[in-house]
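J.: Next come the chains, spelled out residue by residue.
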Amino acid sequence: MDFFSFEFCIFLPILFSIYWIVPTDHRNIVLCLGGFIFYSFAGYNYAITLLLYVIVSYFGGIYIFRQNNQYKKTNILKTFIFVLTIILLFFKYYSFTISLFQNNSFNVLNVIMPIGLSFYTFEIIGYLVDVYSEKVQPENNFITYAAYIMFFPQLLSGPIASAKVTLPQFKIDHKFNYDKIIYGLKRISYGFFLKYYLASVLGNFVDYIYSAESSRGGILLLSTMLYTLQIYYDFYGYSEMAIGLGKLFDIDLIENFNAPYLSQSIGIFWSRWHISLTNWLKEYIYIPLGGNKKGKFRTYINIFVTFLVSGMWHGSNITYIVWGMLHGIGQIIERCLFHNSKNESNGIVGIIRIVFVLLFVNFTWIFFRADSINDAFSIIFNCFSGVGHPRTYILKTIFEFKTYSDFYNVKKCMLFSIFIMIIDMFKLKGYDLALLSSKVRNPFRWIGYVLYIFMIMYYTASYTGSSFIYFKF
Amino acid sequence: MKKLIIKITFLISIYLVLSIIFFTVVSAQYNTAYDAAVLDKIDRLESTESPKIILVGDSNLVFGIDSSKLQSAMNMPVVNLGLHASFGNKFNELIAKDNINKGDIVILSQIDYNDDDKLYAPKLFWYTLENHFKLWKIIGPIGLAENAITLPEYCVNALKKYINGTGNQAVTGTYARANFNEYGDIKRECHIGSNIKVSKELFSSMKISSKCINRINAFTKYCEDRGATLLISSVPILNCEYTPDDSIYDSFEKELRNKTKCEVISKWQDYLYEPEYFFDGYPHLNAEGADLRTIQLIKDLKSWENSKNE
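Protein chains in written order, with the numbering used here: chain A, 1 to 473; chain B, 1 to 310.
Rather than coming from a laboratory, the hints here were simulated on the basis of the structure.
All of these numbers come straight from a predicted model, not from anything done at the bench.
Cβ coordinates follow ideal geometry from the N, Cα and C atoms, glycine included.
Accuracy of the hints is not assured; some may be wrong.
Distance condition first, Cα-Cα at most 30 Å in a straight line; then the derived DSBU-like pairs of lysine-lysine [unchecked claim]: (1) Lys7/B / Lys180/A; (2) Lys299/B / Lys69/B; (3) Lys412/A / Lys3/B; (4) Lys427/A / Lys7/B; (5) Lys187/B / Lys180/A; (6) Lys411/A / Lys123/B; (7) Lys3/B / Lys171/A; (8) Lys282/A / Lys293/A; (9) Lys161/B / Lys402/A; (10) Lys123/B / Lys402/A; (11) Lys187/B / Lys267/B; (12) Lys2/B / Lys175/A; (13) Lys160/B / Lys412/A; (14) Lys207/B / Lys411/A; (15) Lys261/B / Lys207/B; (16) Lys123/B / Lys197/B; (17) Lys160/B / Lys402/A.
Some, not all, of what chain B presents toward chain A, calculated at C-beta under 10 Å [stated by the list, open to error]: (18) Leu4; (19) Lys7; (20) Ile8; (21) Ile14; (22) Leu18; (23) Lys123; (24) Glu153; (25) Cys155.
So that you can see chain A by itself, here it is in the shape it has in the complex (with noise of 0.2 Å):
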């Protein structure tokens, strides 16, 4: 069920509604039907094969505990994660797998994979490793781990609930509270307008620019950087939504971006893009592969695994890998340069290295987009073509964005991007605006409230039904 649906708009109240009526031992119960009516939009056959996940995991992580035995503890944990893993890679790697043979000759099964699989398995294998180290309790109450598991926001694409974090929010009493609705509300609001005309917006623009086989020069680069763009909208966008539709139900997921594209250094830039997800990596694969603990060769070695493992998540194309590759590679070039890339610079210094990193970003987007490396180098390749005749390169450049960009209506998206980086800015000085605007004084605030909807509504009109770029991790 896509956020921008009738269905959606149905559901949501409905649910909400029922969820603050019925009494606070009910809760999740309602939680677990809601979030299993909403996967089942997505087909049927994926709601069960949620459903068996979470009896699954249950039993598993209950069975984990229970064991005094280590050496059968162990194996048992690294039974459940290689099962995990094998389907998740079954999902992701069958199609790719079967494409490499030129031949027809084997039976191909048209294998889809449930859209939200990579981030509820990550999920549930975060819970079993916490339960085996003991981190966290194993959850008796079935009710309140299946509304852990099939909490509807996260349920699709995130952000990846950690057991230690969020589970406990689903065994506490929650109150009704204005504040935090409204500002769900808010959060959901301006995730509504990055996702669905932002994001949107630029993707069409984009797409066009990088399917016309005449495309090259300046207009093709800047396509890359607006794909740069757009594709934090997106993810951001969506993130924001599930944050706020979290806080409609008293359940604080976690944050997943904060100003990514405004680090000063690659480091720096993985603590604040898809948090969750870094998170994750850092405490079940870098961690475990002994961190930076056991002397520079071997921290490198851990961060460039932690980075491969990163892109195949992301998909089974090559091009996903290179683009984890990349990053990882960068950010052992970082160490070596710079030993602790994560200080940050003031004035013109840090602004270089906000650039700096901003180019390398850009750079490795253009991997993550394309349908090959063949691809993503001739991308590279044509975004030079005609540099040698500077004034020409950047005339046409010009011409072209004037005639494609008013069409696509790019520039009014570029202009409220600067709004974006403001916004952001005051986030990491720890202002949050959603906050700030509920000190404004009546009638102004609801003035304000009337026109920020009406904006978008007005802009959100021309979203033509493209879904998450990161529905399909």
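Dock chain B against chain A, hints included.
T.: Showing chain B alone in chain A's frame:
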């Protein structure tokens, strides 16, 4: 909770009041646009006596039928309700339901059988409906609610035209309300010549969704309850190097015949046309192509009539 409900109700009320004021004050500004032709089509549907032939579907019917020829051959008045695939099949069928009576033959011809039963085209929806409340009644409250979010964009643009006095200006080119004839076809002189670019992307998958089948079957029952008959006919298909195999069309047809409760009167391979018979894109035929397609449709209808009488 009470405070929240009151405030949300207040917000929604503001929008409803503003919308009512808008539609009362601002007249329709897009009456000359292509999609506004739906009003003429509905008028013709309502004013044409039964038994009649009603063509339901997308723009393949607008550009692909010579209704006067069909009318002469079948000796029944023809109403061509074909309009725009972007509205979605559900929209096209809703329009038709306005006046179906005993003896009517409803012919469904659409490009997409893999739809999800929604009203589409958020950017066109309100630009077509405007303050034509007859259309609002046909679409119904759920259809209106589904598209409520795109209302502000239409209101702003319509208001600009209203204030500047630039609404309802004559539209140049083929895609204008004035270029439809009395049957609902595009006028012959408006789709002469061929300028179609052949590519693989023109061919979508031949999938059939269960939602589409359920809707067609419900439409079949709707027609039967009124003593009318629903038939399915093919759309024009571009014959080029990218055209799918015959086997694809055979299995598509077979699936359609098995799953729908109405008759499928066409063989898809009979509607293959060379690029020179297409107008500006797929599946828009030019005038010559429309002639050929109409002749084939007449053959299919006569064949169906004969089999009915046997």
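J.: Taking the hints in turn, state whether each one holds.
T.: Structure-based check of each hint:
no.	hint	in the structure
1	Lys7/B / Lys180/A	holds (15 Å)
2	Lys299/B / Lys69/B	holds (12 Å)
3	Lys412/A / Lys3/B	violated (36 Å)
4	Lys427/A / Lys7/B	holds (28 Å)
5	Lys187/B / Lys180/A	violated (60 Å)
6	Lys411/A / Lys123/B	holds (19 Å)
7	Lys3/B / Lys171/A	holds (27 Å)
8	Lys282/A / Lys293/A	holds (13 Å)
9	Lys161/B / Lys402/A	holds (25 Å)
10	Lys123/B / Lys402/A	holds (23 Å)
11	Lys187/B / Lys267/B	holds (27 Å)
12	Lys2/B / Lys175/A	holds (14 Å)
13	Lys160/B / Lys412/A	holds (19 Å)
14	Lys207/B / Lys411/A	violated (38 Å)
15	Lys261/B / Lys207/B	holds (18 Å)
16	Lys123/B / Lys197/B	holds (26 Å)
17	Lys160/B / Lys402/A	holds (24 Å)
18	Leu4	holds (6 Å)
19	Lys7	holds (8 Å)
20	Ile8	holds (9 Å)
21	Ile14	holds (6 Å)
22	Leu18	holds (9 Å)
23	Lys123	holds (6 Å)
24	Glu153	holds (3 Å)
25	Cys155	holds (8 Å)
Checked against the numbered hints given earlier, this structure breaks hints 3, 5, 14; the rest are met.
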